[in-house]
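Chains as they are written, first to last, in the working numbering: chain A, 1 to 335; chain B, 1 to 526; chain C, 1 to 341.
Please note: incorrect hints may appear among the correct ones.
What the hints assert, rightly or not - Covered, in the sense of this in silico footprint (three residues per stretch, anywhere, with C-beta under 8 Å from a C-beta of chain C), are these stretches of chain B:
id	region
1	37 to 43
2	101 to 107
3	112 to 125
Derived from the structure by calculation, the hints contain no laboratory data. A virtual CB, placed ideally from N, CA and C, is assigned to each residue, including glycine.
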Amino acid sequence: MASTTPRFTSGSLSLPDLVRKSSQTQRALFALILLSIYNALATTNFLTLATLRVNLTQVATIVIVAVGMTYVIGSGGIDLSVGALMAISGALAPQIFDSQRALLRSEWIGIPLAIVIPILVAGAFGYFNGYLITKFKIQPIIATLVLFLGGRGIAKALSNGNLVEFNKPHFDYLGTGRPFGIPVQVILMIVIVIVAAWALRSTTFGRYVLAIGGNERAAELAGVPVTRVKRQIYVLSGLLAGLAGLIVVAINTSNDPYQVGQDMELDAIAAVAVGGTPFTGGRATVVGTLIGAFFIHQVRYTLISHGVADGTTRMVIAGAILVAVLLQRPKAGWR
Amino acid sequence: MGGIVSEQSPPQLDSPSVLLEMRDIVKAFPGVVALNHARLTVMKGEVHAIVGQNGAGKSTLTKILNGAYRRDSGTIMFEGREVDFSTPHQAQVGGISTIFQEINLVPFRSVAENIFMGREPRRFGLIDWPRMNRESRDILARFGIKLDVKQPLLNLNVALQQMVAIARAVSFGAKLVIMDEPTSSLDEREVETLFDAIRQLKASGVSVIYISHRLDELHQVGDSITIMRDGHTIEEILLADISKLEIVAKMLGKNIGELSREGTTGFSESKTAIETPPFYVASHVEADPVLSDASIELRKGEILGLSGLLGSGRTELARVLFGADKPDKGSLSLDGNPSPIASPRDAIREGIGYCSEDRKAEGIVPEMSVRENLTLAALPTLAKNGIIDPDEQAKIVDRFVELLSIKTSDVEQPISQLSGGNQQKVLLARWLCLNPRLLLLDEPTRGIDVGAKAEIHHLIETLADEGMSVLMITSEIEEIVEGSNRVTVLRDGRTVAEFDRDQIDQDTIIAAMAEGHDSLPETVEV
Amino acid sequence: MEAGELRQDAVDPSATAYSKVASLWLRGQGVLIALILVFLFGAWRYGDKFTSSFNIWSMLKNNTYFALIALGMTFVIMTAGIDLSVGAVVALSAVTAARLSPHGLWVALAAAIGIGLLVGAINGGLIAVFKVQPFITTLAMLLAARGAALNLSHNASVSVDYASNYKELWKTEIGPVPLPVAIVIVAYILGSITLNLTRFGRHILAIGGNEEAARLAGLPIDRTLFFVYLLSGGLAGLAGALLAAQGNTGSPIAAVGWELTAIAAVVVGGTLLTGGRGSVWTTLVGVVLLGLIFNELNFERGKGIFDLTQYWEEVIRGLFLLIVIILQARLTSTARVTRTM
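Please model the entire structure based on the sequences and the hints provided.
This is how it looks when you write it as structure tokens:
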């Protein structure tokens, strides 16, 4: 986390000054709090435990994917393929479990495999992205565009375009289980956020990610294994997307290759942007991404619970993303 | 810091023949004053050279002239009127064109298009290709160049691309053409072509500002010269009235005839060449585009000065030694075996460090803290299972901040907030904390004040005494002369000479740089 | 003075077959040859049904909207940018056209194009004036346009008014040539004229080739970029109008992933993704080539040998894009190495 604390000089507590001096992350947190207060007052049932649980559940998948995206963007790259990877992972799970091999049908082997293999496959696709970027020096946006545009086709082909029911109790635990009353995916989300935030700050891998994003040439000359780290970053993004895809399938107890992960790349990128991680790389905040994801989700929730049409909601979110990105631009005028 | 102000008065300030007059130009950037009441006067139809060391202010001055920068104060009179260009395009339209070192044209577009970019001739609203091609051919023909103007610019070699840039300036009706290091990538024949073009320009009444490090060229093509140092204009004089030696001396702020070995650096006096066999040898290294036949030998405990003009291949050789670039031909041997170094990581593992000369592009990670920049290369040793040990890290940071007197209010502040000199110290520390056996230093004291320079010199010496091998690339002659046990000189990508400490002194070096290839004692080992 | 000497470093001068093919491709003839080969293959394998004028014209008609968005994408890519919103704009304008069809063909068509221009203007404004990166701008506008389409259509498909003359847009023929195809040809001719004979067009290439040089030359970069995205939006609007006329319906979830087809056609045609170079006609050839391939895949499915479902089409398009991207990356890296000084 690299948010700078605002320095208040005497007499400049006016609103524009506050806005200018605060970091993006702080602004997002502030906006989130404001919105939550509004909802507490104006939206019925907002303060109930059930609502909280539902909200957390929905936002968990976004956060999980967005954490991976934070690392990617922190390294100066972008991963547009996460939605497609979620779809592929979600399509694979029922395939594995429902395959004809009797061995796989057993709950003890089939279910774990149905969880592990899709995640690994998604990670492998992530490696594919990383390979394109490092070996052929293709820009990340172009490289991940390939899966963004063609990957969902793989998912559709795997499930023949059909919505597949996938209702196995142990698998569903991923989506609906509640250890200690907290939904599984929320626990996963919290664990992933904590580990990712810590790793970014305290491991060599995390520092290498930001060094690459900050000044790749300098990092290379300082002995940072740039190629290896970049590939690992995209693998990480893939793995997390794979996990998120499984969670969605578990929640819905079915896999719809058209729907799983739809627009997720935008949500994840938006969360990262609103949370204060700049697209230029070199700085990243996982907690900011968490806040960003919550904020965007809150916006959506607020609009929907007040009866705003789906279409309008999308337009508002698009607007929010653009505002966040606009605010983040570096200040001009360095001549 | 006052400079040596010339006794001679500037050339005739006849109003009719003065084309350009820049007076009292001041320009400051955060942390450094680039121009301190600098002056420049260019007459009509003359070729005017500007020289100075790195940081003297010549490129800042010309950038203010061509509109890339805004000056803080001062006046610019062009063709008798005061001007104030705020963009390069405005300057172009106003009659001042610039030929950049990197030929800023569009490679995929045709020659004709590049010449007329932005002002493509039109007929009935649509581009008139035949006219554009024809006029391009005509302009180039004036310089004696015949080529297919329809082909993409990238088909041409650098010299011809430069001619296209000149043709573009002419098509704009430029009265003044600024050329920034135009010969740095040309061979001798191409240089002659360029000089012919410059003479052509002169004949048609166009003035040329010629910035170059290649002093021997100046007398061939130039009329007058402005020498700059530390942001001041030191001398404005006709080239006929000054010798190369004097030019260099004024650039450095030395007095000819007073060349003594007092020692202005932090290096102690006694240095002799180390006679043990070298442990790292590069032989006949060739690496496109600069190195053609470079050789060098590095010995334990020895400070090897690598000398040469800009563009001679010093940095390129260091990068090859560090594994950052791969040579096309030649051999590298480390400890008697073929060198296993294929990447910076390998080099670091073999105990070699490289401190780049361009700290902004290749050194600092701007958003990261001082602490992190300092320990970046050392992270593998500071981490157990990938987890960084913050206490170990803090210890190292504290030790080196103190050792190098790095001025920072807090090691957590982003390194971009430090002054250039302190940034350089952090980068040095980055390598020192690895305790390498060979340290490749490329302009290690650039941008550092005199006191700090001496500290670093002393530090380098101590390290060498303890057995570290140091390759010192520097444009500061005193450092070469006083600090090296041995000196290798590069020119045009080739090793042309090696000197033991006893063989060189400041006179020889300055003379070698000033006179160029002709008078260099050819004690070529290669 | 001797004639200027040239150094042919542009593309790898070694005479390997690979690089010969590569330079053919980059110059636009390669894709034309591929097109001819693919066509001949289809004629040989599928016979009269394939080469019948019915098949050819309907194949061309079915690719007219792709051709239009690919044209816009060509200009955008030439500036080294990208427009990910075209599919969403197609859907939005199809819905718009369907909604306004009761007012007649001209009104509906104008509205469809107009809404495309609106989205394009927003893209252009954000990218050119506010300097937001193209991918995030167009990605956000993708979301916004889909949202607008949903709203406009009240979350369902909108039928074109049965009584209106709107469907004539699709059905009219000028001699043997269907109107949509004629529209595409006119659009490409105009596009080619713009690219080759107007300053605007040349500046597009200059900006993509070396933006710094373009800036130093005083080119109106902001204005040019704005109009490029405006154009892309407008063409997507026209494509949406055609789509609505074909299916007699405007669906807010149509045209998903059409960005892929557009980008693939542009890139297969030889235009560099990194910008600065390319041609309008090679894009058209790329569109037809891809169209032919999928047409032939249909025939192949009919033969029953392959069991590829239609979903694999998306995958195949992705593979195409992948191969082309890799090839481009390798080619541009060899060309760049020799231009360091």
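Hints, verified against the model:
1. Restraint check on the region 37 to 43 of chain B versus chain C: 0 residues with Cβ-Cβ distances below 8 Å, three needed, restraint violated.
2. For a cut-off of 8 Å, the count of residues in the region 101 to 107 of chain B with a CB near a CB of chain C stands at 4, and the three-residue condition holds.
3. Counting residues of the region 112 to 125 of chain B whose CB falls under 8 Å from any CB of chain C gives 6; the rule of at least 3 is met.
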